[in-house]
Amino acid sequence: EAQVTQNPRYLITVTGKKLTVTCSQNMNHEYMSWYRQDPGLGLRQIYYSMNVEVTDKGDVPEGYKVSRKEKRNFPLILESPSPNQTSLYFCASKARGVYGYTFGSGTRLTVV
Amino acid sequence: AQKVTQAQTEISVVEKEDVTLDCVYETRDTTYYLFWYKQPPSGELVFLIRRNSFDEQNEISGRYSWNFQKSTSSFNFTITASQVVDSAVYFCALSSNTGKLIFGQGTTLQVKP
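Just so you know, the sequences run in chain order A and B. When you line the first sequence up against the working numbering, it's residues -4 to 107, in that order. When you line the second sequence up against the working numbering, it's residues 4 to 116, in that order.
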């Protein structure tokens, strides 16, 4: 089944403790992206990647890192999480030339 | 700059009422796509429709219909005879050739029995 898989679905962590949210897609898509969703703000892009080893900042990249060493994986790294990064995170992927993304199921992160 | 505006933050209706969710967008691109997504309480994003900038034909899918008007930069979504299961957050989104998907703020729809 074609899908984007995020893990974990839920995570509660403490301020400053490094964490990684994984994202994997099995559709051989070139584009991958991370979004965060906050009430009243919709979904905002954090980082995106147009292909292996090619990443760029989205609208709200501060406090996040990403890497794209393999086509299928696009992990989101929070080196020192803070409470303002408490949010619902979505990973998404799409093929080049296609205008719609396939979304993962979301990761609800709470930083206390 | 590209932007999507959903002016309605929350809408509450009684079951069987019709409801329209508004979406206004801004873009300088001539080729772009518009989307609607549904987010039920479980949290996942459910794709509803995609419409490209060259196709202004309205679309109907069961109780759902979409009205795309380039003249007013709007892509409104109507649910006919609403049901409790329609309760969700609905997002309108815009994508152009940069590949970036830009979302509106979302409209929370509550359908009461």
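Keep in mind that the hints were calculated from the coordinates and are not lab data. Take these hints with a grain of salt, some might be off.
Result set (DSBU-like, lysine-lysine): computed pairs, CA atoms no more than 35 Å apart in a straight line [to be verified]:
no.: 1; chain 1: A; residue 1: 13; chain 2: A; residue 2: 52
no.: 2; chain 1: A; residue 1: 12; chain 2: B; residue 2: 41
no.: 3; chain 1: B; residue 1: 115; chain 2: B; residue 2: 41
no.: 4; chain 1: A; residue 1: 13; chain 2: A; residue 2: 66
no.: 5; chain 1: A; residue 1: 64; chain 2: B; residue 2: 6
no.: 6; chain 1: B; residue 1: 115; chain 2: A; residue 2: 52
no.: 7; chain 1: B; residue 1: 41; chain 2: B; residue 2: 73
no.: 8; chain 1: B; residue 1: 19; chain 2: B; residue 2: 115
no.: 9; chain 1: B; residue 1: 19; chain 2: B; residue 2: 41
no.: 10; chain 1: A; residue 1: 52; chain 2: B; residue 2: 19
no.: 11; chain 1: B; residue 1: 115; chain 2: B; residue 2: 6
no.: 12; chain 1: A; residue 1: 64; chain 2: A; residue 2: 12
no.: 13; chain 1: A; residue 1: 66; chain 2: B; residue 2: 6
no.: 14; chain 1: B; residue 1: 19; chain 2: B; residue 2: 73
no.: 15; chain 1: B; residue 1: 6; chain 2: B; residue 2: 19
no.: 16; chain 1: A; residue 1: 12; chain 2: B; residue 2: 73
no.: 17; chain 1: B; residue 1: 41; chain 2: B; residue 2: 6
no.: 18; chain 1: A; residue 1: 66; chain 2: B; residue 2: 41
no.: 19; chain 1: A; residue 1: 12; chain 2: A; residue 2: 66
no.: 20; chain 1: A; residue 1: 52; chain 2: B; residue 2: 103
no.: 21; chain 1: A; residue 1: 12; chain 2: A; residue 2: 60
no.: 22; chain 1: A; residue 1: 60; chain 2: B; residue 2: 19
no.: 23; chain 1: A; residue 1: 13; chain 2: A; residue 2: 60
no.: 24; chain 1: A; residue 1: 12; chain 2: A; residue 2: 52
no.: 25; chain 1: B; residue 1: 73; chain 2: B; residue 2: 103
no.: 26; chain 1: B; residue 1: 19; chain 2: A; residue 2: 13
no.: 27; chain 1: B; residue 1: 103; chain 2: B; residue 2: 6
no.: 28; chain 1: A; residue 1: 13; chain 2: B; residue 2: 115
no.: 29; chain 1: B; residue 1: 115; chain 2: A; residue 2: 60
no.: 30; chain 1: B; residue 1: 6; chain 2: A; residue 2: 60
no.: 31; chain 1: A; residue 1: 66; chain 2: A; residue 2: 52
no.: 32; chain 1: A; residue 1: 52; chain 2: A; residue 2: 64
no.: 33; chain 1: B; residue 1: 73; chain 2: A; residue 2: 13
no.: 34; chain 1: B; residue 1: 19; chain 2: A; residue 2: 66
no.: 35; chain 1: B; residue 1: 103; chain 2: A; residue 2: 13
no.: 36; chain 1: A; residue 1: 64; chain 2: B; residue 2: 103
no.: 37; chain 1: B; residue 1: 41; chain 2: B; residue 2: 103
no.: 38; chain 1: A; residue 1: 13; chain 2: A; residue 2: 64
no.: 39; chain 1: B; residue 1: 115; chain 2: B; residue 2: 73
no.: 40; chain 1: A; residue 1: 64; chain 2: B; residue 2: 41
Because the structure is a prediction, the values reported are computed rather than measured.
Each hint tested on the structure:
1. About 20 Å separates the Cα atoms of residue 13/A and residue 52/A, which keeps this hinted pair within 35 Å; it holds.
2. At most 35 Å may separate the alpha-carbon atoms for a hinted pair to count; residue 12/A and residue 41/B meet this at roughly 33 Å.
3. Simply put, residue 115/B and residue 41/B have alpha-carbon atoms about 18 Å apart, close enough for the 35 Å limit, and the pair holds.
4. A threshold of 35 Å between alpha carbons decides the hint, and for residue 13/A with residue 66/A the separation of about 24 Å falls inside it, so the pair holds.
5. Between residue 64/A and residue 6/B the alpha-carbon distance is near 32 Å, which keeps this suggested pair within the 35 Å criterion.
6. Our distance criterion of 35 Å between C-alpha atoms is broken by residue 115/B and residue 52/A, whose separation comes to about 41 Å.
7. Proximity of residue 41/B to residue 73/B is assessed by CA-CA distance (about 23 Å); at most 35 Å being required, the pair is judged to hold.
8. For the given pair, residue 19/B sits about 9 Å from residue 115/B by alpha-carbon distance, which is consistent with the 35 Å threshold.
9. Simply put, residue 19/B and residue 41/B have alpha-carbon atoms about 19 Å apart, close enough for the 35 Å limit, and the pair holds.
10. For the hint pairing residue 52/A with residue 19/B, the CA-to-CA distance comes to about 44 Å; that exceeds 35 Å, so the pair is violated.
11. About 31 Å separates the Cα atoms of residue 115/B and residue 6/B, which keeps this hinted pair within 35 Å; it holds.
12. Between residue 64/A and residue 12/A, the direct Cα distance comes to roughly 23 Å. Compliance with the 35 Å bound is thereby established for this hinted pair.
13. At roughly 30 Å between alpha-carbon atoms, residue 66/A and residue 6/B fall within 35 Å of each other, so this suggested pair holds.
14. At most 35 Å may separate the alpha-carbon atoms for a hinted pair to count; residue 19/B and residue 73/B meet this at roughly 30 Å.
15. With a C-alpha separation of about 32 Å, the suggested pair residue 6/B and residue 19/B falls inside the 35 Å cut-off, and the hint holds.
16. Restraint check for residue 12/A and residue 73/B: the C-alpha separation of about 48 Å exceeds 35 Å, so the hint is violated.
17. For the suggested pair residue 41/B and residue 6/B, the alpha carbons sit about 19 Å apart, so the restraint of at most 35 Å is met.
18. Of the pairs offered as hints, the one joining residue 66/A and residue 41/B holds, with about 28 Å between alpha carbons and a cut-off of 35 Å not exceeded.
19. Simply put, residue 12/A and residue 66/A have alpha-carbon atoms about 27 Å apart, close enough for the 35 Å limit, and the pair holds.
20. Our distance criterion of 35 Å between C-alpha atoms is met by residue 52/A and residue 103/B, whose separation comes to about 11 Å.
21. With a C-alpha separation of about 14 Å, the suggested pairing of residue 12/A with residue 60/A holds against the 35 Å cut-off.
22. Using a Cα cut-off of 35 Å, the hinted pair residue 60/A and residue 19/B is violated, with the two alpha carbons roughly 47 Å apart.
23. Distance hint between residue 13/A and residue 60/A is fulfilled; the C-alpha atoms sit about 11 Å from each other, no more than 35 Å.
24. This hinted pair checks out: residue 12/A and residue 52/A have alpha carbons roughly 23 Å apart, not beyond 35 Å.
25. With a CA separation close to 20 Å, the supplied pair residue 73/B and residue 103/B stays within the 35 Å bound.
26. A hinted pair counts as satisfied when its Cα atoms are at most 35 Å apart, and residue 19/B with residue 13/A does not qualify at roughly 49 Å.
27. Of the pairs offered as hints, the one joining residue 103/B and residue 6/B holds, with about 12 Å between alpha carbons and a cut-off of 35 Å not exceeded.
28. Among the hinted pairs, residue 13/A with residue 115/B is inconsistent with the structure: their alpha-carbon atoms are about 43 Å apart, more than 35 Å.
29. The straight-line distance between the Cα atoms of residue 115/B and residue 60/A is roughly 42 Å, outside the 35 Å bound, and the hint therefore fails.
30. A distance of roughly 25 Å separates the Cα atoms of residue 6/B and residue 60/A; the hinted pair therefore holds under the 35 Å criterion.
31. For the given pair, residue 66/A sits about 18 Å from residue 52/A by alpha-carbon distance, which is consistent with the 35 Å threshold.
32. For the suggested pair residue 52/A and residue 64/A, the alpha carbons sit about 17 Å apart, so the restraint of at most 35 Å is met.
33. Between the alpha carbons of residue 73/B and residue 13/A the distance comes to roughly 46 Å, so the proposed pair goes past 35 Å and is violated.
34. Under the criterion of a C-alpha separation no larger than 35 Å, the hint pairing residue 19/B with residue 66/A is inconsistent with the structure, at around 46 Å.
35. Between the alpha carbons of residue 103/B and residue 13/A the distance comes to roughly 28 Å, so the proposed pair stays at or under 35 Å and holds.
36. Using a Cα cut-off of 35 Å, the hinted pair residue 64/A and residue 103/B holds, with the two alpha carbons roughly 21 Å apart.
37. Restraint check for residue 41/B and residue 103/B: the C-alpha separation of about 19 Å stays at or below 35 Å, so the hint holds.
38. Proximity of residue 13/A to residue 64/A is assessed by CA-CA distance (about 20 Å); at most 35 Å being required, the pair is judged to hold.
39. Restraint check: the Cα-Cα separation between residue 115/B and residue 73/B comes to about 33 Å, which is no more than 35 Å; the hinted pair holds.
40. A threshold of 35 Å between alpha carbons decides the hint, and for residue 64/A with residue 41/B the separation of about 32 Å falls inside it, so the pair holds.
The structure is inconsistent with the numbered hints 6, 10, 16, 22, 26, 28, 29, 33 and 34, although it conforms to all the rest.
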